[in-house]
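Asker: Sequences are here, hints too, so could you generate the full structure?
There are 6 protein chains.
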Amino acid sequence: MAASYTLIEGQAEAIKGQLITLGGDHGIALPLLRALRRKIGAPLGLVHFDAHVDTWPDSFGQPYGHGSCFYHAVEEGLVDPRRMIQIGIRSPVQNEVMDWTLARGITVLSGQDVHAQGPAAVAETVRRVIGAGPAYLSFDIDALDPAFAPGTGTPEIGGLATWQAQAIIRALKGIDWRGMDMVEVLPAFDHAEITALAAATLVWEYLALLGSSDAA
Amino acid sequence: MAASYTLIEGQAEAIKGQLITLGGDHGIALPLLRALRRKIGAPLGLVHFDAHVDTWPDSFGQPYGHGSCFYHAVEEGLVDPRRMIQIGIRSPVQNEVMDWTLARGITVLSGQDVHAQGPAAVAETVRRVIGAGPAYLSFDIDALDPAFAPGTGTPEIGGLATWQAQAIIRALKGIDWRGMDMVEVLPAFDHAEITALAAATLVWEYLALLGSSDAA
Amino acid sequence: MAASYTLIEGQAEAIKGQLITLGGDHGIALPLLRALRRKIGAPLGLVHFDAHVDTWPDSFGQPYGHGSCFYHAVEEGLVDPRRMIQIGIRSPVQNEVMDWTLARGITVLSGQDVHAQGPAAVAETVRRVIGAGPAYLSFDIDALDPAFAPGTGTPEIGGLATWQAQAIIRALKGIDWRGMDMVEVLPAFDHAEITALAAATLVWEYLALLGSSDAA
Amino acid sequence: MAASYTLIEGQAEAIKGQLITLGGDHGIALPLLRALRRKIGAPLGLVHFDAHVDTWPDSFGQPYGHGSCFYHAVEEGLVDPRRMIQIGIRSPVQNEVMDWTLARGITVLSGQDVHAQGPAAVAETVRRVIGAGPAYLSFDIDALDPAFAPGTGTPEIGGLATWQAQAIIRALKGIDWRGMDMVEVLPAFDHAEITALAAATLVWEYLALLGSSDAA
Amino acid sequence: MAASYTLIEGQAEAIKGQLITLGGDHGIALPLLRALRRKIGAPLGLVHFDAHVDTWPDSFGQPYGHGSCFYHAVEEGLVDPRRMIQIGIRSPVQNEVMDWTLARGITVLSGQDVHAQGPAAVAETVRRVIGAGPAYLSFDIDALDPAFAPGTGTPEIGGLATWQAQAIIRALKGIDWRGMDMVEVLPAFDHAEITALAAATLVWEYLALLGSSDAA
Amino acid sequence: MAASYTLIEGQAEAIKGQLITLGGDHGIALPLLRALRRKIGAPLGLVHFDAHVDTWPDSFGQPYGHGSCFYHAVEEGLVDPRRMIQIGIRSPVQNEVMDWTLARGITVLSGQDVHAQGPAAVAETVRRVIGAGPAYLSFDIDALDPAFAPGTGTPEIGGLATWQAQAIIRALKGIDWRGMDMVEVLPAFDHAEITALAAATLVWEYLALLGSSDAA
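Chains as they are written, first to last, in my numbering: chain E, 389 to 604; chain A, 389 to 604; chain G, 389 to 604; chain X, 389 to 604; chain V, 389 to 604; chain D, 389 to 604.
The set of hints was computed from the structure by calculation and includes no laboratory data.
Heads up, some of the hints might be wrong.
In the DMTMM-like style, the derived pairs of lysine to aspartate or glutamate whose C-alpha atoms are separated by at most 25 Å in a straight line are [said to hold, decoys possible]:
{"no.": "1", "chain 1": "G", "residue 1": "K561", "chain 2": "A", "residue 2": "D501"}
{"no.": "2", "chain 1": "E", "residue 1": "K561", "chain 2": "G", "residue 2": "D501"}
{"no.": "3", "chain 1": "V", "residue 1": "K561", "chain 2": "X", "residue 2": "D501"}
{"no.": "4", "chain 1": "V", "residue 1": "K404", "chain 2": "V", "residue 2": "E464"}
{"no.": "5", "chain 1": "A", "residue 1": "K561", "chain 2": "E", "residue 2": "D501"}
{"no.": "6", "chain 1": "V", "residue 1": "K427", "chain 2": "V", "residue 2": "E401"}
{"no.": "7", "chain 1": "D", "residue 1": "K561", "chain 2": "V", "residue 2": "D501"}
{"no.": "8", "chain 1": "A", "residue 1": "K427", "chain 2": "A", "residue 2": "E463"}
{"no.": "9", "chain 1": "E", "residue 1": "K427", "chain 2": "E", "residue 2": "E463"}
Facing chain V, from chain A, some residues (calculated, C-beta under 8 Å) [unchecked claim]:
{"no.": "10", "residue": "P575"}
{"no.": "11", "residue": "A576"}
{"no.": "12", "residue": "H579"}
{"no.": "13", "residue": "A580"}
{"no.": "14", "residue": "E581"}
Here are some chain V residues the structure puts well away from chain X; computed CB gaps all over 12 Å [as the list claims (entries may be wrong)]:
{"no.": "15", "residue": "Y393"}
{"no.": "16", "residue": "T394"}
{"no.": "17", "residue": "G405"}
Where a beta carbon is used, it is the ideal one built from N, C-alpha and C, also for glycine.
Answerer: Take a look at the structure:
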């Protein structure tokens with residue numbers, strides 16, 4: 389794992405301009421953020437779509453893995469937790485993990501919050517949390533509901549529809565975006581490639597966002 | 389059929405505390421309610437999620453079956469129809485069956501009603517209908533839309549999203565719950581186990597409800 | 389292609405009463421509208437559910453095909469573009485194609501428009517656009533989201549839920565309906581026949597609409 | 389059921405030339421054979437591909453159904469049991485049903501028999517059993533293994549590969565064929581339409597057989 | 389893991405007669421064999437259907453897991469390697485692991501061996517290897533080809549057809565069977581439940597074997 | 389198309405050593421063979437696994453496409469037709485196309501030929517046809533049966549099992565291999581990635597062949 393992370397970090401550092409990555413395990417976000425943090429010289433804001441907080445101090449006993457990437461990202465100062473927002477959270481989580489998350493100042497919107505508030509209000513909250521500094525988008529495909537994205541390894545019901553994810557992202561023009569990852573797509577569970585299509589289209593929405601914000 | 393029902397009723401009667409059952413054909417609700425009615429000594433309130441009313445006097449010519457369970461439950465005095473609500477109904481139904489259902493005082497919310505009113509309003513109606521007495525939750529997985537629960541035998545489009553079912557159930561704390569069934573899951577039609585996940589999570593929501601209502 | 393279109397047109401012309409067709413490629417709408425235009429003697433209003441505008445002047449270099457049917461329908465005077473509305477549009481489209489579409493007076497509601505406005509408002513717009521003359525409903529199944537209709541050849545995320553399509557169609561009683569097509573259902577991509585069920589049920593909704601409007 | 393059978397029989401009788409039918413429940417073979425028997429004026433030989441003998445005296449308590457069609461066909465004198473062969477049989481069957489089947493003189497080849505003997509030897513046996521009189525081919529798609537034909541309602545493992553079925557049928561030129569049915573295809577269990585493709589291709593093989601035998 | 393294994397071993401020990409288990413991870417075979425070894429008082433013969441040898445000394449760095457169960461079973465003296473045969477092996481394996489396996493006296497038949505020799509010859513070899521002592525059948529569903537059993541976690545092409553597995557097992561009457569496991573069925577990868585059907589039917593074949601050998 | 393072919397040809401020419409390509413449309417074989425022909429300076433032998441001959445003079449009216457690649461490869465002198473063998477052919481084909489194919493000296497083995505002769509005899513024929521000169525392997529995944537490879541666009545029943553393809557390829561050591569393509573994999577029709585696994589493993593078999601032939 390450590391060797392993989394070093395390899396990913398090195399390759400990420402060599403990329404100029406936007407750092408856009410397709411996963412793979414959410415664990416790759418940690419070396420990607422390490423590379424980006426070094427290039428930028430300051431912690432990043434983080435917009436994190438996911439069914440899971442991924443701020444466990446370890447992943448089933450291993451320090452590094454797909455459930456602990458943002459614990460380490462915060463602890464290592466890669467991400468500014470007060471400029472970090474999680475969207476679509478709905479898996480069970482131990483109290484101490486949620487307490488740690490909230491105590492760091494991370495904003496957490498559950499799946500039910502998104503359904504109750506609607507995409508426009510969610511996007512407004514994102515803009516307020518992220519503010520003016522450099523920012524990164526980490527999209528775990530399981531933020532979407534299994535009906536819209538069955539091709540993933542730890543699905544949770546009650547998730548976002550694709551139109552909601554699109555509406556939120558489209559409303560995030562003008563943020564100082566530096567990179568994006570799309571992770572946890574698992575083709576063997578997919579059917580008719582609808583998960584792959586969702587993942588590809590959401591990356592395309594991010595790219596369109598860059599074009600628009602350049603023009604603004 | 390009669391032999392199966394007697395067997396189910398006997399086993400149900402032997403269970404102490406909450407009576408929670410995973411089906412199987414919706415027909416099992418009848419012997420389950422017979423057992424519960426005898427233990428409680430009074431008719432139950434019923435929250436019934438389904439695409440179909442299941443108050444036909446017979447199922448394709450057979451008196452007992454998955455389409456007639458609540459006709460018999462009402463006729464046998466197991467359920468108080470004025471404390472009974474159906475949520476998600478949308479299959480075609482003959483006028484005389486719907487007339488019988490409404491004439492008994494049963495409250496019927498269609499799938500379109502749920503979409504138009506939202507889960508909070510639906511839950512409010514449920515609480516008003518059920519009131520203070522003992523109550524039972526019968527969840528036919530085809531209350532959900534086929535996009536969210538393809539693994540079932542008589543699907544109907546226009547159904548509930550999983551987040552709506554979750555939101556309604558979570559708002560039903562404090563009701564005097566005595567049991568629940570989750571029925572009509574058909575794994576051969578499922579893919580990537582998303583229907584099984586929906587069914588299991590909704591039972592888990594019910595269990596969480598009990599914990600919360602104990603604490604209340 | 390030309391031979392197929394001639395064949396379809398001839399068969400369509402021989403049908404009395406409502407012209408209802410199950411496709412097949414969206415290209416069949418062109419000969420169907422040619423037949424209907426001749427029988428009626430005037431351009432039709434058109435309610436067009438689709439992810440794609442289908443007003444390209446050609447389909448990948450071929451003049452006739454599933455992406456150009458409504459370009460020709462307008463150019464040939466089969467449809468009155470000021471009485472034409474497209475619902476669910478969300479695929480990328482070149483500026484000149486969209487400019488042509490809007491310049492003809494066609495009303496275009498995107499998928500996001502439907503989600504933001506809700507079915508009742510959409511139906512209100514449809515009634516205003518279509519008005520009193522004869523009208524035709526062309527339903528490309530990819531207007532629905534891939535979660536609800538995976539069985540189609542050019543899916544786009546962010547589409548309509550089946551309940552939204554049902555709610556819009558049910559609110560269109562009293563329009564002077566002359567025919568309907570349901571197209572682009574591709575069984576090989578379907579699972580558990582949920583796309584086939586959606587297609588069949590939406591045709592059934594159209595039929596129910598006719599009954600109701602007769603009674604009105 | 390009786391009404392359906394009468395309807396099917398009447399329509400079958402009106403068809404001139406080869407009687408080729410796509411099902412549907414295997415029960416349709418009974419009215420089809422009744423119609424054919426009357427037209428021909430003599431009992432038919434029967435080549436019956438299936439995982440099940442379908443010679444139960446009833447189907448789960450109903451006299452007519454998909455498990456009893458050939459019991460009735462023999463009892464009614466529609467089929468000559470000494471000119472009847474079953475290929476691919478492998479579901480469990482009660483001793484009295486198998487005894488009845490064999491006592492009538494029906495030849496039964498199990499799935500394992502086909503695998504052990506190979507298609508050429510099977511075809512040789514078929515030709516010997518059927519002989520010179522008029523004959524009918526009834527193909528229950530579950531004769532194929534679920535790997536090759538998952539889209540059916542009562543699958544049994546250990547079945548035929550499609551190439552084996554093709555090789556057997558191709559070796560049956562010159563038999564006095566009068567009709568064929570292809571039954572028990574259940575699209576909701578299919579994936580990528582491989583079962584539909586198998587069914588369609590096997591009917592095509594039968595049609596090619598007719599052409600060849602005409603030429604012979 | 390250790391705790392799970394202790395739990396499984398204890399429950400297995402409490403079972404009288406045949407020890408039949410449905411998994412789950414192949415790792416469960418180790419505690420099952422520990423329990424059986426203690427009850428019998430002597431090492432067992434082992435008929436092992438699998439795509440993988442499962443004699444790695446560890447599973448990805450963990451001593452116990454689904455790839456090392458038979459390494460430990462041999463090392464702990466639970467199984468007599470000279471009375472052990474593996475059928476269907478075809479995944480890549482390091483030379484030192486294969487050397488260890490063969491050096492212990494284990495007989496290994498690859499998937500290609502089964503296809504080339506046929507089930508009757510394979511069964512003959514099994515009978516010769518197992519001989520007269522007590523024996524156990526461990527069936528990893530991935531011994532079957534992914535066409536016949538897609539519902540498993542580490543599939544390998546070139547595997548057995550279900551009819552081959554059935555033919556081999558049916559030819560193993562009279563062996564002194566003490567138990568069986570059916571492992572590595574993964575429903576989320578299955579479709580139309582064909583893998584589940586294969587697994588259930590093969591257990592049923594084993595049960596039929598017991599009946600037959602009793603009668604012998 | 390012409391532009392794509394030029395692009396592919398240029399990239400192929402820049403590759404040193406073995407030319408291994410994953411498709412994509414079978415049409416890519418034409419520019420790949422053009423590049424290889426120029427590098428080698430002589431026509432290649434061709435081992436062609438496919439359900440279709442792909443020697444139509446055009447593809448549905450277009451001169452270049454997935455059905456005409458080997459017509460052009462022969463006509464352009466890229467492939468020596470007397471050193472070309474097709475394995476698994478079974479789609480319908482017009483007499484004039486088959487006549488052209490055989491008249492050029494191409495050896496054609498149908499799917500039924502492979503089943504009847506077995507892999508060892510097929511490999512022997514391949515070795516005899518290819519002989520000593522440089523050779524290329526073109527594997528259309530639809531050579532496999534849809535049960536083993538549902539993820540492809542023009543499936544035909546009666547195809548090869550994966551074990552047969554593996555057995556044939558493994559017996560082709562020592563041929564002067566220069567490159568391979570694996571084409572027509574269509575993930576949207578796949579399930580549980582079994583087609584992708586088959587394609588990847590067969591390429592791996594080819595790579596293993598190179599290692600072995602180097603050592604020879």
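Asker: Each hint needs a verdict: does it hold in this structure or not?
Answerer: Cross-check of the supplied hints:
no.: 1; hint: G/K561 x A/D501; result: 19 Å, holds
no.: 2; hint: E/K561 x G/D501; result: 19 Å, holds
no.: 3; hint: V/K561 x X/D501; result: 19 Å, holds
no.: 4; hint: V/K404 x V/E464; result: 23 Å, holds
no.: 5; hint: A/K561 x E/D501; result: 19 Å, holds
no.: 6; hint: V/K427 x V/E401; result: 7 Å, holds
no.: 7; hint: D/K561 x V/D501; result: 19 Å, holds
no.: 8; hint: A/K427 x A/E463; result: 18 Å, holds
no.: 9; hint: E/K427 x E/E463; result: 18 Å, holds
no.: 10; hint: P575; result: 6 Å, holds
no.: 11; hint: A576; result: 4 Å, holds
no.: 12; hint: H579; result: 7 Å, holds
no.: 13; hint: A580; result: 5 Å, holds
no.: 14; hint: E581; result: 4 Å, holds
no.: 15; hint: Y393; result: 32 Å, holds
no.: 16; hint: T394; result: 35 Å, holds
no.: 17; hint: G405; result: 23 Å, holds
The structure meets every hint from the earlier list without exception.
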